[in-house]
Amino acid sequence: MDSLNLWLILILGGLGTYLLRLSFILIFQHFKMPDFMERILRLVPPAVFSAIVLPELLVCDGSVQFSVTNLRLIAGLLAAVIALKTRNVLVTIASGMVILWLLQYLVPIFIR
Amino acid sequence: MNTSTRSQFLRGVRDLLPILLGVMPFGLIYGIAAVNAGIPPLQAFLMSSVVFSGSAQFAATQLIANGALATVVIFSIIVVNLRHVMYSATISPHFKGMTIGWKTFLSYLLTDEAFAMTVTRFNEEPEMPHKNWYFLGAGMALWVTWQASTAVGVFAGGQVPANWSLDFTIALTFLALSVPSIRDRSTAVAAVVGGVAAVLLRGMPFQLGLVTAAILGIAAGYGVDRWTR
Chain A
-6 MDSLNLWLIL
4 ILGGLGTYLL
14 RLSFILIFQH
24 FKMPDFMERI
34 LRLVPPAVFS
44 AIVLPELLVC
54 DGSVQFSVTN
64 LRLIAGLLAA
74 VIALKTRNVL
84 VTIASGMVIL
94 WLLQYLVPIF
104 IR
Chain B
3 MNTSTRSQFL
13 RGVRDLLPIL
23 LGVMPFGLIY
33 GIAAVNAGIP
43 PLQAFLMSSV
53 VFSGSAQFAA
63 TQLIANGALA
73 TVVIFSIIVV
83 NLRHVMYSAT
93 ISPHFKGMTI
103 GWKTFLSYLL
113 TDEAFAMTVT
123 RFNEEPEMPH
133 KNWYFLGAGM
143 ALWVTWQAST
153 AVGVFAGGQV
163 PANWSLDFTI
173 ALTFLALSVP
183 SIRDRSTAVA
193 AVVGGVAAVL
203 LRGMPFQLGL
213 VTAAILGIAA
223 GYGVDRWTR
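Residue numbers (our numbering), protein chains in the order written: chain A, -6 to 105; chain B, 3 to 231.
No wet-lab data here; the hints were simulated from the structure. Quick caveat, the model's predicted, so the values are computed rather than measured. Note that CB positions come from ideal geometry on N, CA and C, so glycine has one too. Any given hint might turn out to be false.
[What the hints assert, rightly or not] Covered by chain A, per the in silico footprint, the following chain B stretches (three or more residues, Cβ under 8 angstroms):
hint: 1; segment: 11 to 17
hint: 2; segment: 30 to 41
[As the list claims (entries may be wrong)] Cβ-to-Cβ under 8 angstroms is the rule here; a few derived chain A residues that face chain B:
hint: 3; residue: Leu13
hint: 4; residue: Pro27
hint: 5; residue: Arg32
hint: 6; residue: Gln58
hint: 7; residue: Ser60
hint: 8; residue: Val61
hint: 9; residue: Thr62
hint: 10; residue: Asn63
hint: 11; residue: Leu77
hint: 12; residue: Leu99
hint: 13; residue: Phe103
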C-alpha cells in the first residue's frame, strides 16, 4: 500500500473513531439511543471478529483446508477452548502461539 | 489542579494500573505485527495515537497485509469501533455538566478499558467529585502505556524473523475477543454467519468480503433477535 493511502487510513479512520466516541457524549447528548440501534450494536463485535478469524484459520494459500495438517486451524480451535475457559485475551494469545510453535516443530518429525 | 482534583486524577491512574499489565504486551504485539505487515514504522506508531483503538488497529493491520483497498480499511476501522457509540451513550450521564472542552478531550480517551473501569466506579459512587479529573487520570495512564508499548513493538518488529508466525497473534486476538461477545442465540448466529460468509466470500476483491460478511452476520443476528422476541 502506498503512503498516501496509509495517511488517508490514519486520518479518516482516526476521525471516524473519534466521532463515534464523541457521539452521545457531545453530539447527541440530549437524545436517548433507540432500542433497535442498541440491539444492532451488540451484534457488531461477534459478527466482525469471527469474520476476521475464521478465514485466517480455515484458508491456506487461497483454498479451504479442513484437515489435521492445517496447523493454524488446530492451534486456533485449542485456543478457542482456552478462551472459553479463561476468558483472558493475553492467556489465549500466549497459549495459542505456544501451541502453534509446538505443532510446527513436532508435526514435520512425525509426518514425513 | 488543586489538591482535590489532583487526588482524583491520581486515583484514576491508580485504579487503572492493574489493567496496564494486560495492555502492554498487546501494544507490543500490535507494533510487531504492524511492521511485519509492511506498514512503515512512522505510520504504524502514529496509528496508536490517531486511532487509539487496539482492535481496530489489529483489523487494519490484517487488511493492509492482505492488500485491501484503503476505503475498505477505513470502513472496517469504523465498523470495529461502532461499539464506542454504546460506551459514549452509557458514560454520557456522568459527563453531564462538564464544559465542552472537557467533553471533547475526554471523548478521545474513551477506550474499552478506560470505559469498563471508570463506569464501574462511577456507578458504585454516583456522587464522586471531579469525575472529569478521575477519568482523565485513567485515560492518560492508558494512553501513555499504549504509545510506549507500541513504540517498543514497532522498533522490535523489524528484528523478528518471519518463521516465528507472529501474524497469527492477530487471529488469536480476535478469537479471544469474540468469545465473550457471544452471549445468546442472536449473537451466536451473528458470529457463525459472519465467519462462514467471510470464508465463502474471501475471493471478493480488495477484502470487500470481510465487510460484506460482517453485514450479513449482523443482519442474520438481528433477524433471529426479532424472531425470538
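Task: Structure versus earlier hints - violations, ascending order - done: Numbers 1, 4, 6, 7, 8, 9, 10, 12, 13, in rising order.
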